[in-house]
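Enquirer: As given, the protein sequences belong to chains Y and R, one line each in that order.
Residue 412 is where the first sequence ends in the numbering used here, and the numbering goes up by one at each step.
Residue 214 is where the second sequence ends in the numbering used here, and the numbering goes up by one at each step.
Worth flagging that the hints you see were computed from the coordinates, not collected in a lab.
Here are the computed distance ranges between Cβ atoms for each label pair:
1. R:Ser142 - Y:Gln29: 39 to 47 Å
2. Y:Gln104 - R:Thr66: 38 to 46 Å
3. R:Thr66 - Y:Gly124: 37 to 45 Å
Where chain Y lies over chain R, by a calculated footprint (3+ residues, C-beta under 8 Å):
4. 39-46
5. 79-87
6. 114-122
7. 125-135
8. 145-155
9. 191-200
C-beta atoms are modelled at their ideal positions from N, C-alpha and C, and glycine is treated no differently.
Now for the letters of each chain:
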Amino acid sequence: MQIEPLNPKILGQRLQIERKARGLTQQQLANLLRVARTTIVAVEKGERTLQPEEIARLAQAWEISISDLVRERPAVEPLAPQLRAAAPSSGLSKNDVVGVNQTAETLRQLGENYLELESLVGRPMTQNYPPPYSLDAMPPLEAAGDIAVRDRRRLDLGNAPLPHLRAVLENDVGLRIFLLPMPSRLAGMFAFDVRLGGLIALNASHPVERRLWTLAHEYYHFLCDRYRADVYVLPGVSPRRTSESERMADIFAAHFLMPTAGLKRRFYELKAARVDGVMPGDLLHLKRQYGVSFQALTLRLEELKLVRSGTWNMLNKSGFREREAEAMAGLPPRDESEPRLPQRYLELAVEAYDRIELTEGQLAKMLGCDVIEARRMVRELSREWVVSDEGTTGNLEIPLDLPLAEMAEA
Amino acid sequence: MLDACCALNFLASGYCKDILAVPLGSQVVTYTVADLVMREVTALRRGGGGEDADERLPIDWNSVLATGSVRLEASATSAELRAFVSLAAQVDDGEAMTIALAASRSYGIVTDDRKAQRFLGDVPCLGTPDLLHNWHVNAGTNAPTLGVALRAIEDRANFTAPRAHPLRNWWNAALAAR
Numbered sequence: 003m004q005i006e007p008l009n010p011k012i013l014g015q016r017l018q019i020e021r022k023a024r025g026l027t028q029q030q031l032a033n034l035l036r037v038a039r040t041t042i043v044a045v046e047k048g049e050r051t052l053q054p055e056e057i058a059r060l061a062q063a064w065e066i067s068i069s070d071l072v073r074e075r076p077a078v079e080p081l082a083p084q085l086r087a088a089a090p091s092s093g094l095s096k097n098d099v100v101g102v103n104q105t106a107e108t109l110r111q112l113g114e115n116y117l118e119l120e121s122l123v124g125r126p127m128t129q130n131y132p133p134p135y136s137l138d139a140m141p142p143l144e145a146a147g148d149i150a151v152r153d154r155r156r157l158d159l160g161n162a163p164l165p166h167l168r169a170v171l172e173n174d175v176g177l178r179i180f181l182l183p184m185p186s187r188l189a190g191m192f193a194f195d196v197r198l199g200g201l202i203a204l205n206a207s208h209p210v211e212r213r214l215w216t217l218a219h220e221y222y223h224f225l226c227d228r229y230r231a232d233v234y235v236l237p238g239v240s241p242r243r244t245s246e247s248e249r250m251a252d253i254f255a256a257h258f259l260m261p262t263a264g265l266k267r268r269f270y271e272l273k274a275a276r277v278d279g280v281m282p283g284d285l286l287h288l289k290r291q292y293g294v295s296f297q298a299l300t301l302r303l304e305e306l307k308l309v310r311s312g313t314w315n316m317l318n319k320s321g322f323r324e325r326e327a328e329a330m331a332g333l334p335p336r337d338e339s340e341p342r343l344p345q346r347y348l349e350l351a352v353e354a355y356d357r358i359e360l361t362e363g364q365l366a367k368m369l370g371c372d373v374i375e376a377r378r379m380v381r382e383l384s385r386e387w388v389v390s391d392e393g394t395t396g397n398l399e400i401p402l403d404l405p406l407a408e409m410a411e412a
Numbered sequence: 037m038l039d040a041c042c043a044l045n046f047l048a049s050g051y052c053k054d055i056l057a058v059p060l061g062s063q064v065v066t067y068t069v070a071d072l073v074m075r076e077v078t079a080l081r082r083g084g085g086g087e088d089a090d091e092r093l094p095i096d097w098n099s100v101l102a103t104g105s106v107r108l109e110a111s112a113t114s115a116e117l118r119a120f121v122s123l124a125a126q127v128d129d130g131e132a133m134t135i136a137l138a139a140s141r142s143y144g145i146v147t148d149d150r151k152a153q154r155f156l157g158d159v160p161c162l163g164t165p166d167l168l169h170n171w172h173v174n175a176g177t178n179a180p181t182l183g184v185a186l187r188a189i190e191d192r193a194n195f196t197a198p199r200a201h202p203l204r205n206w207w208n209a210a211l212a213a214r
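Using the sequences provided together with the hints, build the complete structure.
Expert: Following this line, the structure appears as structure tokens:
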């Protein structure tokens with residue numbers, strides 16, 4: 003059996019990336035491996051390689067697989083420095099700071115996986131990035147709303163609600179969007195990498211309406227200040243002074259998710275159907291259409307002077323609870339589930355596995371699950387649901403590796 | 037050497053000891069699992085049609101090893117470690133160690149993984165369907181029992197014989213037997 007020796011350049015590059023991601027100096031790494039610092043320098047330059055025992059010891063210390071250390075794959079520079087710089091300088095707990103660092107590192111690893119999958123399958127991401135929007139001569143807070151209108155027009159989105167904004171941004175813009183665990187005060191993050199493009203992380207434990215808002219908020223940062231990272235921290239009990247940039251991002255989110263013309267039309271339709279005026283129950287249905295929180299919708303309606311100023315405060319102080327109100331109105335529970343990983347990422351992973359570019363274990367690692375779950379996802383993503391003329395549903399297993407022209411007619 | 041993906045399947049069947057006890061042809065076989073594999077294969081799906089079907093149930097490897105059907109290999113020579121680290125550049129750690137040990141010790145390997153199979157060279161290889169077929173044919177396992185085992189593998193490990201496998205038709209026919 004012929005086994006290829008390790009490529010020192012690949013190992014050296016990976017070692018440097020992983021060392022920097024952990025905030026270690028070359029001396030600290032040398033101490034960990036009980037070698038001279040000059041050895042680490044030489045290894046990182048690809049001039050020599052580590053011994054297998056040293057590689058095994060390092061993988062154990064860093065709690066990563068040996069495959070992750072030695073396998074050739076695209077490298078992404080650590081995102082933590084830019085995200086730490088973007089985090090507010092005060093008001094964050096120690097837990098929040100740890101969360102920023104952990105999320106940054108997870109985002110980097112997922113970004114590397116994504117690039118690796120694209121390379122294995124030969125399908126790089128198509129990016130439909132506009133030049134960063136400038137504010138022109140408009141007052142900044144008005145410009146945010148104007149940018150929302152212009153970008154909807156660019157993407158041909160009309161005035162309709164956008165509950166599936168994630169799919170639009172992933173497929174039509176070319177952003178990479180992940181749901182990740184974070185401390186509850188962190189709503190999301192945005193970072194830009196030269197190879198990956200725009201990356202957005204949303205807090206996986208937040209309600210779906212909050213996640214949609216955060217997504218729009220981070221999208222603003224991508225559109226207007228692409229090369230500066232953002233960490234979106236919720237104001238908390240004692241709201242700190244919010245930067246102008248963050249306020250603009252929230253104004254953009256409101257206008258992008260609930261465009262003026264479409265919202266007005268829907269509101270007036272509701273009003274026309276009610277003799278006594280629009281009721282909170284009507285607004286619940288409206289907020290479902292837009293996928294936003296009741297608070298976000300009501301504040302937007304106040305801004306448009308469609309409801310009296312202070313309506314949200316009044317409802318909030320009277321003990322209005324959104325989920326309870328939805329249940330009372332007979333609305334089915336909102337589906338909070340959303341894939342952690344982008345749909346395209348999942349499909350690329352399964353395709354790479356089907357092309358025998360990944361082992362089952364590597365696939366499971368890419369998908370962030372165990373082998374049993376990975377097998378289920380392969381089966382699911384390889385199938386097409388069909389509906390017969392009689393209306394019964396079933397599934398048709400389609401071979402992903404067979405050209406369409408060769409598929410036999412049924 | 038038994039790799040992770042096959043170990044999972046045999047444990048899911050509920051008949052692991054019986055399957056692995058059947059000689060291959062005239063040869064009595066001792067199956068070995070690398071320590072790394074044991075650390076990777078930790079749980080099975082509960083299965084069944086209930087709401088808790090997706091719950092994971094931990095695998096008690098001590099009990100498995102105590103049956104004698106599988107032995108554990110926790111050490112590797114320097115040469116095996118070198119081969120393992122080099123193979124890990126191509127396949128995951130469990131596969132890499134399994135292949136390295138099999139090649140070094142002139143063992144065969146039990147794996148379903150198509151990518152891992154590319155790096156076997158002359159190492160003889162069998163997969164899950166092969167050993168189940170062996171259990172059926174050479175141990176005279178009756179059709180209902182075989183059907184139970186295969187259904188358990190599909191339900192608890194989400195594994196089925198691959199589309200292009202020579203034993204695919206046999207597998208499907210055996211599944212249908214009650």
